[in-house]
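K.L.:
For the protein sequence lines, the chains are A and B, in the order given.
Start counting the first sequence at 969; every next residue gets the next number (this note's numbering).
Start counting the second sequence at 107; every next residue gets the next number (this note's numbering).
Take the hints with a grain of salt, since some may be wrong.
List time: in silico DSSO-like cross-link candidates among lysine-lysine, alpha-carbon distance up to 30 Å [what the hints assert, rightly or not]: (1) A:Lys1075 with B:Lys222; (2) B:Lys127 with B:Lys147; (3) B:Lys575 with B:Lys323; (4) B:Lys575 with B:Lys222; (5) B:Lys575 with A:Lys1091; (6) A:Lys1091 with B:Lys323.
Don't read these hints as lab results, they were simulated from the structure.
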Amino acid sequence: MSGMHWEHFPHQADMGIRGIGPTLAAAFEQAALAMTAVVTDPARVVPDQAVEIRCEAPDDELLLVDWLNALILEMAARHLLFSRFEIHIEGHRLQATAWGEAVDPDKHRPAVEVKGATYTALKVGRNESGQWLAQCVVDV
Amino acid sequence: MNLAQFERVSEVEWRVAPFGKMRVPAVIYADEALIREMDDKVFEQLTNVATLPGIVQAAYAMPDAHWGYGFPIGGVAAFDADAGGVVSAGGVGFDISCGVRTLHTGLTAAAIAPLKQRLADRLFTHVPAGVGSTGQVRLNAAEMDAMLRGGARWAVEHDYGSAADLDRIEEHGCMAGAEPGQVSEQAKRRQRDEIGTLGSGNHYLELQEIVEIYDGKAADRFRLRQGEVVVSIHCGSRGLGHQIGTEFLRQMVIAAPGHGIDLPDRELACAPIQSSLGQAYLGAMRAAVNCALANRQVITHLAREVFADVLPGTHLALIYDVSHNTCKLETHTVDGQSRRLYVHRKGATRAFGPGHPALPNDLRDIGQPVLIGGSMGTASYILVGTEAGMARAFASACHGAGRSMSRHQATRQWHGRALVDELAGQGILIRSPSLRGVAEEAPGAYKDVSAVVEAADRAGLARKVAKLKPLVCIKG
Chain A
969 MSGMHWEHFP HQADMGIRGI GPTLAAAFEQ AALAMTAVVT DPARVVPDQA
1019 VEIRCEAPDD ELLLVDWLNA LILEMAARHL LFSRFEIHIE GHRLQATAWG
1069 EAVDPDKHRP AVEVKGATYT ALKVGRNESG QWLAQCVVDV
Chain B
107 MNLAQFERVS EVEWRVAPFG KMRVPAVIYA DEALIREMDD KVFEQLTNVA
157 TLPGIVQAAY AMPDAHWGYG FPIGGVAAFD ADAGGVVSAG GVGFDISCGV
207 RTLHTGLTAA AIAPLKQRLA DRLFTHVPAG VGSTGQVRLN AAEMDAMLRG
257 GARWAVEHDY GSAADLDRIE EHGCMAGAEP GQVSEQAKRR QRDEIGTLGS
307 GNHYLELQEI VEIYDGKAAD RFRLRQGEVV VSIHCGSRGL GHQIGTEFLR
357 QMVIAAPGHG IDLPDRELAC APIQSSLGQA YLGAMRAAVN CALANRQVIT
407 HLAREVFADV LPGTHLALIY DVSHNTCKLE THTVDGQSRR LYVHRKGATR
457 AFGPGHPALP NDLRDIGQPV LIGGSMGTAS YILVGTEAGM ARAFASACHG
507 AGRSMSRHQA TRQWHGRALV DELAGQGILI RSPSLRGVAE EAPGAYKDVS
557 AVVEAADRAG LARKVAKLKP LVCIKG
């Protein structure tokens, strides 16, 4: 898909993550990649272990925070890093598979642990060029 | 920040009279240079805090204040439960009870010098640090609940340290009112193998040399001698605290309209203290405080094991343990009246003055040690709570240097390897699993901790006692 990408934006103490894509689901996938990139280079993470994630929220913005926090919980509890995502969103209900591998300090050189996704600079919607954008600051 | 927004009360106190929906004034303690450099977000966030129901006296910011979540980091606010006061998950923060403890070694820097490399390497391999690291302790469901109820006391009962340690920890090592039943299974899952781990980001274990004494009497009482080495540990409640923060923030955002609370910012999510959600959060948060206290106690034990091996006969005695991200029920005098208040400190240190009943017997006449952690290559400080400070900002002081630059900017400006080499040239050994993490934590990305401490001292929040310089830094 064209125009799909992620980026980071600055926050004084922490890090802003932004996903951009042609659909809401694509923007959520890119935001998740941006979050992995806070920890390590996503290209170094082999997607060979799958985890199923489901969440539901009152609106798209809370859904983004829930999605990222569900990933953070799996990253922390299973010591995983994720590099591939497949997401289906219907209404404000999300169903996803995330693929990744166990953290290996020598291979991944993880810079920092993500503590939680926050409501700071939280935005989900279409930008001027009609693409979907999903962003927030993550606490590290 | 634009200084015209403030009334300058003194050289180090800046006041904003209530406007809009503010119920009380906002007060920032800082010198002119620090407040000029503060992000405009501090003004916005502090004046937002001043709108919350049941807030008492004023919303305060410490000299190290910077842009946080809802509350500024370095924010202090107290609420009266009987006046509709709230408890805020954002006002406590994600890393509940993140804090610092400092221990004596009784050894001089000269005595440690030949063993510095070995101590650095041994501490780095023995104390789990960084992303994905796990501790030696595995907790089953019953042990998890016992830890969440007992805090450092639980750790001592399991032979991690001694009863003497407990006396030198806030709440005597065990926060009352913890309710493990209010802590979700997800939060407990994140903690199963994380007890006794440092974490990452700005967390560290350092060996520091006492390089300057400002207050001989207090230094004597804290047994701080120039030229001697102390061990400082900075970390918090790990995954458990982060998960509790995340879950309650969400619940409080959704429940706010039902509680009749109009949130100026979702991160200010809060609930009335006298509501079931408010009480559930307090029970869970107190459990997270105990988790942090247990964690620092287990790490202390690991540091003691390394010293026992490398320098047999060394006794690491705890000077004090402070927590930065908390909400505690305390008694304060407001307009001549004694009131029970829920004091939120987000990136701020409790600083009780002499005579406070919460202090250990042998420190009660002098005041509470206030431990201020610096950034990797700069200084840390030990201060003491004062009589005057009790009447300012509900007995609170700064907590560290505070960031002045984003991680993003820091990695563009510094290279991890070069930084490690540069600091080694200054006699500071860095051990870290991540060079990018080191670059993100570059000393230059933080405010000048000395200026922050100077302002806290001049504002009467706490008094300077000693300055510490890092020798070894284990970074998460």
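K.L.:
Taking only the CA atoms, is the gap from Lys127 of chain B to Lys147 of chain B under or equal to 30 Å?
P.N.:
Distance of about 17 Å is within 30 Å: holds.
K.L.:
When you check the alpha-carbon spacing of Lys1075 of chain A and Lys222 of chain B, does it fall within 30 Å?
P.N.:
Distance of about 28 Å is within 30 Å: holds.
K.L.:
Check whether the Cα positions of Lys575 of chain B and Lys222 of chain B lie no farther apart than 30 Å.
P.N.:
This hinted pair holds, its Cα atoms lying about 14 Å apart.
K.L.:
Next pair to validate is Lys575 of chain B with Lys323 of chain B; report whether the Cα-Cα distance is within 30 Å.
P.N.:
With Cα atoms ~21 Å apart, Lys575 of chain B and Lys323 of chain B stay inside 30 Å; holds.
K.L.:
Assess, step by step, whether the Cα of Lys1091 of chain A is no farther than 30 Å from the Cα of Lys323 of chain B, and give holds or violated.
P.N.:
Between Lys1091 of chain A and Lys323 of chain B the Cα gap is close to 54 Å, so the pair fails against 30 Å, i.e. violated.
K.L.:
Take a quick look at whether Lys575 of chain B and Lys1091 of chain A sit within 30 Å of each other, Cα to Cα.
P.N.:
The given pair, whose Cα atoms are some 43 Å apart, is violated under the 30 Å limit.
In summary, the structure is inconsistent with hints 5 and 6 from the numbered list given earlier, while agreeing with the others.
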